[in-house]
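There are 2 protein chains.
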Amino acid sequence: MEFSRRTMLGSTLVTGAAALVPAATAVAALPRRVERWGLYEIALDGPSSGNPFDDVRVVATFESSGKRLEIPGFYDGDGIYRIRFSPGELGRWTWRTTSNVAALDGRTGSVESIVPRAGNHGPVRMTRDGYHFVHADGTPYRPVGTTAYSWALQSESRCAETLTTLKAAPFNKIRMCVFPNVPSVATDPFVRTGGGPKDWDATRFDPAYFRRFEDRIRRLGELGIEADVILFHPYDKTRGYSGMRPADDARYVRYVAARFGAFRNVWWAMANEYDIVEGKTVADWDALFQILIAADPHDRLRSIHQLHVYYDNRKPWITHASIQHGAAVLDDGRVHPHRNFAQKAVIFDEVIYEGNSDKRWAKLTGEQLVERFWWGTVGGAYVGHGEVITDNGDPDRSWLGQGGRLRGTSPPRLAFLKRIIESAPQPGIDPIQQFWDYHLGGHEFTWYLRYFGGTTPTRWDVVLPTRATEPHPDYRIDVIDTWNMTIAPIDGVFRMHQRDEYEIIDLKRPVIDLPGKPYMAVRLIAV
Amino acid sequence: MEFSRRTMLGSTLVTGAAALVPAATAVAALPRRVERWGLYEIALDGPSSGNPFDDVRVVATFESSGKRLEIPGFYDGDGIYRIRFSPGELGRWTWRTTSNVAALDGRTGSVESIVPRAGNHGPVRMTRDGYHFVHADGTPYRPVGTTAYSWALQSESRCAETLTTLKAAPFNKIRMCVFPNVPSVATDPFVRTGGGPKDWDATRFDPAYFRRFEDRIRRLGELGIEADVILFHPYDKTRGYSGMRPADDARYVRYVAARFGAFRNVWWAMANEYDIVEGKTVADWDALFQILIAADPHDRLRSIHQLHVYYDNRKPWITHASIQHGAAVLDDGRVHPHRNFAQKAVIFDEVIYEGNSDKRWAKLTGEQLVERFWWGTVGGAYVGHGEVITDNGDPDRSWLGQGGRLRGTSPPRLAFLKRIIESAPQPGIDPIQQFWDYHLGGHEFTWYLRYFGGTTPTRWDVVLPTRATEPHPDYRIDVIDTWNMTIAPIDGVFRMHQRDEYEIIDLKRPVIDLPGKPYMAVRLIAV
Numbered sequence: 016m017e018f019s020r021r022t023m024l025g026s027t028l029v030t031g032a033a034a035l036v037p038a039a040t041a042v043a044a045l046p047r048r049v050e051r052w053g054l055y056e057i058a059l060d061g062p063s064s065g066n067p068f069d070d071v072r073v074v075a076t077f078e079s080s081g082k083r084l085e086i087p088g089f090y091d092g093d094g095i096y097r098i099r100f101s102p103g104e105l106g107r108w109t110w111r112t113t114s115n116v117a118a119l120d121g122r123t124g125s126v127e128s129i130v131p132r133a134g135n136h137g138p139v140r141m142t143r144d145g146y147h148f149v150h151a152d153g154t155p156y157r158p159v160g161t162t163a164y165s166w167a168l169q170s171e172s173r174c175a176e177t178l179t180t181l182k183a184a185p186f187n188k189i190r191m192c193v194f195p196n197v198p199s200v201a202t203d204p205f206v207r208t209g210g211g212p213k214d215w216d217a218t219r220f221d222p223a224y225f226r227r228f229e230d231r232i233r234r235l236g237e238l239g240i241e242a243d244v245i246l247f248h249p250y251d252k253t254r255g256y257s258g259m260r261p262a263d264d265a266r267y268v269r270y271v272a273a274r275f276g277a278f279r280n281v282w283w284a285m286a287n288e289y290d291i292v293e294g295k296t297v298a299d300w301d302a303l304f305q306i307l308i309a310a311d312p313h314d315r316l317r318s319i320h321q322l323h324v325y326y327d328n329r330k331p332w333i334t335h336a337s338i339q340h341g342a343a344v345l346d347d348g349r350v351h352p353h354r355n356f357a358q359k360a361v362i363f364d365e366v367i368y369e370g371n372s373d374k375r376w377a378k379l380t381g382e383q384l385v386e387r388f389w390w391g392t393v394g395g396a397y398v399g400h401g402e403v404i405t406d407n408g409d410p411d412r413s414w415l416g417q418g419g420r421l422r423g424t425s426p427p428r429l430a431f432l433k434r435i436i437e438s439a440p441q442p443g444i445d446p447i448q449q450f451w452d453y454h455l456g457g458h459e460f461t462w463y464l465r466y467f468g469g470t471t472p473t474r475w476d477v478v479l480p481t482r483a484t485e486p487h488p489d490y491r492i493d494v495i496d497t498w499n500m501t502i503a504p505i506d507g508v509f510r511m512h513q514r515d516e517y518e519i520i521d522l523k524r525p526v527i528d529l530p531g532k533p534y535m536a537v538r539l540i541a542v
Numbered sequence: 016m017e018f019s020r021r022t023m024l025g026s027t028l029v030t031g032a033a034a035l036v037p038a039a040t041a042v043a044a045l046p047r048r049v050e051r052w053g054l055y056e057i058a059l060d061g062p063s064s065g066n067p068f069d070d071v072r073v074v075a076t077f078e079s080s081g082k083r084l085e086i087p088g089f090y091d092g093d094g095i096y097r098i099r100f101s102p103g104e105l106g107r108w109t110w111r112t113t114s115n116v117a118a119l120d121g122r123t124g125s126v127e128s129i130v131p132r133a134g135n136h137g138p139v140r141m142t143r144d145g146y147h148f149v150h151a152d153g154t155p156y157r158p159v160g161t162t163a164y165s166w167a168l169q170s171e172s173r174c175a176e177t178l179t180t181l182k183a184a185p186f187n188k189i190r191m192c193v194f195p196n197v198p199s200v201a202t203d204p205f206v207r208t209g210g211g212p213k214d215w216d217a218t219r220f221d222p223a224y225f226r227r228f229e230d231r232i233r234r235l236g237e238l239g240i241e242a243d244v245i246l247f248h249p250y251d252k253t254r255g256y257s258g259m260r261p262a263d264d265a266r267y268v269r270y271v272a273a274r275f276g277a278f279r280n281v282w283w284a285m286a287n288e289y290d291i292v293e294g295k296t297v298a299d300w301d302a303l304f305q306i307l308i309a310a311d312p313h314d315r316l317r318s319i320h321q322l323h324v325y326y327d328n329r330k331p332w333i334t335h336a337s338i339q340h341g342a343a344v345l346d347d348g349r350v351h352p353h354r355n356f357a358q359k360a361v362i363f364d365e366v367i368y369e370g371n372s373d374k375r376w377a378k379l380t381g382e383q384l385v386e387r388f389w390w391g392t393v394g395g396a397y398v399g400h401g402e403v404i405t406d407n408g409d410p411d412r413s414w415l416g417q418g419g420r421l422r423g424t425s426p427p428r429l430a431f432l433k434r435i436i437e438s439a440p441q442p443g444i445d446p447i448q449q450f451w452d453y454h455l456g457g458h459e460f461t462w463y464l465r466y467f468g469g470t471t472p473t474r475w476d477v478v479l480p481t482r483a484t485e486p487h488p489d490y491r492i493d494v495i496d497t498w499n500m501t502i503a504p505i506d507g508v509f510r511m512h513q514r515d516e517y518e519i520i521d522l523k524r525p526v527i528d529l530p531g532k533p534y535m536a537v538r539l540i541a542v
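Chains as they are written, first to last, in this note's numbering: chain A, 16 to 542; chain B, 16 to 542.
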């Protein structure tokens with residue numbers, strides 16, 4: 016189906032007060048106010064001849080209280096150019112356009128950035144320590160993500176089903192590809208030039224394709240879900256979108272940055288499995304990051320996802336490490352070195368999927384996937400979900416490929432885990448004394464989480480690594496059944512005393528009983 | 016005791032045919048031949064007034080068949096300047112000096128680089144794949160290292176004891192500090208200016224101190240042991256050698272590079288626990304590596320060792336990652352991400368020590384240390400030994416601090432492990448399909464090692480990850496008791512057939528028996 020511009024422009028935007036201007040409207044009709052972190056859009060009439068994607072450049076300079084941002088515009092077809100801006104600060108912003116085309120040059124206006132509505136916490140940023148995430152207004156953000164690669168490219172009804180699913184699910188981030196990787200309704204980001212799979216013109220975008228995609232971003236935003244937008248992937252051998260020339264890659268990156276970057280819930284994932292994209296070297300990816308940064312004045316989060324070879328996530332343009340590994344989240348001792356290597360937050364975005372496939376990458380039980388989440392959490396990282404449960408055995412038509420309904424047993428347990436994570440102190444759960452293999456995460460002298468995975472202990476020695484000179488609060492303890500989703504507080508407190516140079520213990524209560532079941536955890540909270 | 020220059024110069028050098036020239040001898044008396052990778056030394060008389068360490072520069076340009084190397088000289092006291100060169104290629108090398116001092120300028124000569132004696136395999140380099148080590152003549156080198164920080168600074172008799180110990184031990188690399196970190200006989204690398212601990216002049220080296228140190232390097236070379244020379248460490252708060260000014264650090268790095276760099280068994284470890292050296296930033300360490308590279312035309316191996324924060328070992332001047340961690344070698348799944356991070360060889364140079372200390376970093380049993388070596392090996396990395404076994408409880412006077420005798424139970428087992436490692440195909444043991452957690456190391460379709468650590472299995476399913484399109488050789492299997500040092504071959508061969516998309520198995524012999532003991536391993540060799 017042709018996705019109409021009217022549908023999108025007519026709908027209630029996540030921006031709230033600032034409704035977008037219909038295409039034909041002049042600058043004079045622009046809204047006078049936009050909420051902070053909302054989306055303010057300028058629509059301008061301009062030329063439609065030649066190739067506007069290449070021939071026309073338009074940028075608006077926004078200024079407020081000494082701040083100045085250059086916001087690139089983009090061509091939306093039918094002679095209409097749009098400039099999208101999301102103010103990071105309150106107050107009056109004035110703007111002026113610059114263009115190589117007279118009709119778009121020297122246009123001016125202003126907008127007042129006002130206090131946002133409840134629920135608008137601003138974009139997600141890295142915490143000061145670099146290992147966790149937080150909204151711009153200070154609200155903690157703990158990623159519990161999922162992946163549905165081409166959900167945004169499916170039919171309206173399938174997309175609606177996905178959004179209904181997400182509304183009831185724990186996930187606050189979804190990884191989604193711009194280019195299709197499974198059978199999709201929307202398949203042509205570029206104007207087609209013939210009937211063959213490779214008959215498309217990389218220099219001409221199809222605005223309707225991107226309009227559909229940004230509608231999905233907006234509707235995710237209404238649910239408070241971050242859109243982790245995957246710009247490239249290696250899977251479309253038929254149409255070859257990963258095999259464009261560098262100039263076409265650059266034009267594409269600039270286009271999506273200008274179109275999507277003002278949506279506050281957008282994250283950039285440069286590629287899925289970058290290291291098996293044919294024809295691109297690490298230097299090419301590095302260069303694309305520079306292009307993205309220059310094209311994205313909103314400075315959204317940036318990562319890149321690998322199959323075999325870890326990208327060097329210490330590179331300064333990477334905000335957080337996005338890691339794929341089938342076994343690195345089977346033990347917190349495998350997890351936390353990833354933080355040490357990146358020196359920033361780590362999301363294990365892909366850890367094999369819950370599924371009923373005969374493919375080894377899509378046959379985890381719910382228990383196995385939830386276990387991975389817990390080890391990742393105790394290791395101070397974040398973990399992502401995926402599901403390949405089908406009746407017909409076709410992974411492409413699963414949640415992972417197309418979205419739709421979730422059928423697995425992990426999501427309720429991930430909702431439970433999310434509540435545990437959200438109970439941790441700011442800025443988030445860090446690994447505790449990983450050098451000494453305590454299997455503890457949390458925040459020293461305040462809040463600890465110990466996880467036992469698939470083992471079935473009947474007791475646990477209540478020992479914490481603490482030196483004599485460090486704080487010695489009393490602790491209360493919860494015994495957590497991570498699968499059955501119960502939290503059982505143990506009566507009374509544990510009065511910890513120094514046992515030796517390194518550890519503390521309550522000599523009257525040195526041990527707690529555990530039920531001998533798998534997937535148990537213990538939480539210690541200073542009182 | 017004052018370590019005399021004659022003692023060193025009069026001894027038989029590792030260079031073999033090319034004996035060093037006594038100090039007073041003129042250029043004319045230089046040897047005409049030096050074995051390839053041996054040490055050729057030019058001694059020149061020059062000024063001894065002022066501060067020769069700062070005032071005099073002398074470099075020899077060596078040329079052979081279009082190759083050209085600039086070899087910096089150094090001042091050895093008493094008006095004598097030395098230039099040390101180790102030819103990497105056979106054939107005639109001519110040289111000419113350049114100096115800002117007339118007496119040292121424009122001197123010329125030549126030397127023939129000849130086929131080396133048996134036992135001289137040349138310096139250790141990285142293998143082509145970057146994950147292993149090999150001598151310049153192609154002889155594999157598998158690091159099984161130890162640490163004795165200040166052994167080289169002890170008395171002659173203690174040093175002799177250490178060398179006797181090493182001769183009988185499996186270790187082919189030893190980590191050793193230039194600056195003392197424990198009670199030592201040699202404590203003053205710099206000329207003293209008074210009686211206080213900080214009364215020394217960083218601009219004036221004491222040649223005798225360095226002469227002693229290089230004698231130790233040479234004697235290690237005679238035993239075929241690599242000297243992993245640690246240039247800085249954070250432990251000498253009293254004298255403060257880690258707190259010199261940048262210009263003094265640079266002078267020191269240049270001096271040791273010129274003095275020691277021509278010994279083919281030298282490796283450079285820029286620092287021990289770089290991240291707790293006060294007053295130096297990562298940028299400072301990066302800068303020191305640039306100084307070292309410029310000062311070391313022999314291009315010896317380079318690493319840096321950390322306590323908490325992993326150095327970014329992808330930096331191009333790092334040849335291999337030197338890692339300290341107390342728990343990362345307790346599971347191969349923790350080990351191999353380090354290879355992926357560094358994209359080069361990893362040596363876990365410090366994994367806590369075998370010891371009888373009450374310090375938690377020095378109380379491993381021999382079994383525990385050997386287990387760490389095996390997990391590291393199966394994970395495709397290398398591991399280092401250390402021992403703190405004392406009668407008096409003073410770690411400083413242990414093997415780790417001063418050398419001497421080894422008393423632990425791990426060394427014979429490490430000798431056994433070394434033979435297993437040496438039985439692996441070139442270039443070395445790599446992790447096998449780590450994404451799928453097989454706990455296998457080796458070389459696909461040829462040679463596999465499976466290790467069981469502290470578990471006590473009574474059987475093992477003989478399953479290998481192999482696809483239908485990949486080689487399907489038959490395998491023979493050895494059951495290895497890594498602690499009792501036995502290798503028990505299982506009769507007959509295993510004829511492997513495809514079991515599913517991913518794995519092969521011998522349907523008639525799907526399982527082997529194991530003895531239910533800890534520290535067992537299995538080796539599969541294609542026949």
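In short, the hints are calculated from the structure, not lab data.
The reader is advised that the hints may include incorrect statements.
Note: identical chains are not told apart, hence a pair may lie in one copy or across any two.
With a cut-off of at most 20 angstroms between alpha-carbon atoms, the simulated EDC-like pairs for lysine to aspartate or glutamate come out as follows [claimed, not checked]:
#, residue 1, residue 2
1, K532, E104
2, K532, E85
3, K374, D409
4, K378, D452
5, K252, D411
6, K374, D120
7, K523, D263
8, K213, D263
9, K182, D299
10, K252, E288
11, K252, D406
12, K433, D411
13, K182, D70
14, K532, D230
15, K378, D144
16, K359, D496
17, K330, D299
18, K213, D152
19, K374, E176
20, K359, D144
21, K378, E518
22, K330, E288
23, K82, E127
24, K378, D91
25, K532, D60
26, K433, D506
27, K374, D489
If you're wondering where the values come from, they're calculated on a predicted model, not measured in any experiment.
Legend entry - Intra- versus inter-copy proximity for D70 and K182 (alpha-carbon distance at most 20 angstroms): Answer is neither; intra-copy 42 angstroms and inter-copy 75 angstroms both fail.
Inset, instruction - Give the relationship of K374 and D409 under a CA distance limit of 20 angstroms: within one copy only, between copies only, both, or neither. - result: Classified as within; 10 angstroms inside a copy, 57 angstroms across copies.
Inset, instruction - Can you give me the call for K378 and E518, within, between, both or neither, at a CA distance of at most 20 angstroms? - result: Between copies, since 16 angstroms is at most 20 angstroms while 41 angstroms is not.
Inset, instruction - Up to 20 angstroms between alpha-carbons, please classify K82 paired with E127: within, between, both or neither. - result: Only inside one copy: K82 and E127 sit 14 angstroms apart there, 69 angstroms across copies, limit 20 angstroms.
Inset, instruction - Give the relationship of K252 and E288 under a CA distance limit of 20 angstroms: within one copy only, between copies only, both, or neither. - result: within (14 angstroms within a copy, 48 angstroms between copies)
Inset, instruction - Please work out whether the CA atoms of K359 and D496 approach to 20 angstroms or closer within one copy, between two copies, in both situations, or in neither? - result: So K359 and D496 fail the 20 angstroms test inside a copy (30 angstroms) and across (41 angstroms) alike.
Inset, instruction - Go through the copies and call it for K433 and D411: within, between, both or neither, with a Cα cutoff of 20 angstroms. - result: neither (28 angstroms within a copy, 48 angstroms between copies)
Legend entry - Homo-oligomer pair classification [D152, K213; C-alpha up to 20 angstroms]: neither (45 angstroms within a copy, 52 angstroms between copies)
Legend entry - K378 and D144: within-copy, between-copy, both or neither at 20 angstroms Cα: neither (36 angstroms within a copy, 34 angstroms between copies)
Inset, instruction - At 20 angstroms max between alpha carbons, let me know whether K330 reaches E288 within a copy, between copies, both or neither. - result: The answer is within: 18 angstroms in one copy meets 20 angstroms, while 23 angstroms across copies does not.
Legend entry - Within, between, both or neither, where K182 and D299 count as close if Cα-Cα is 20 angstroms or less: neither (38 angstroms within a copy, 51 angstroms between copies)
Inset, instruction - First find the shortest C-alpha distance between K374 and D120 inside one copy, then the shortest across copies, and answer within, between, both or neither for a cut-off of 20 angstroms. - result: neither (56 angstroms within a copy, 72 angstroms between copies)
The structure shown violates the earlier hints numbered 1, 2, 6, 7, 9, 11, 12, 13, 14, 15, 16, 18, 19, 24, 25, 26 and 27.
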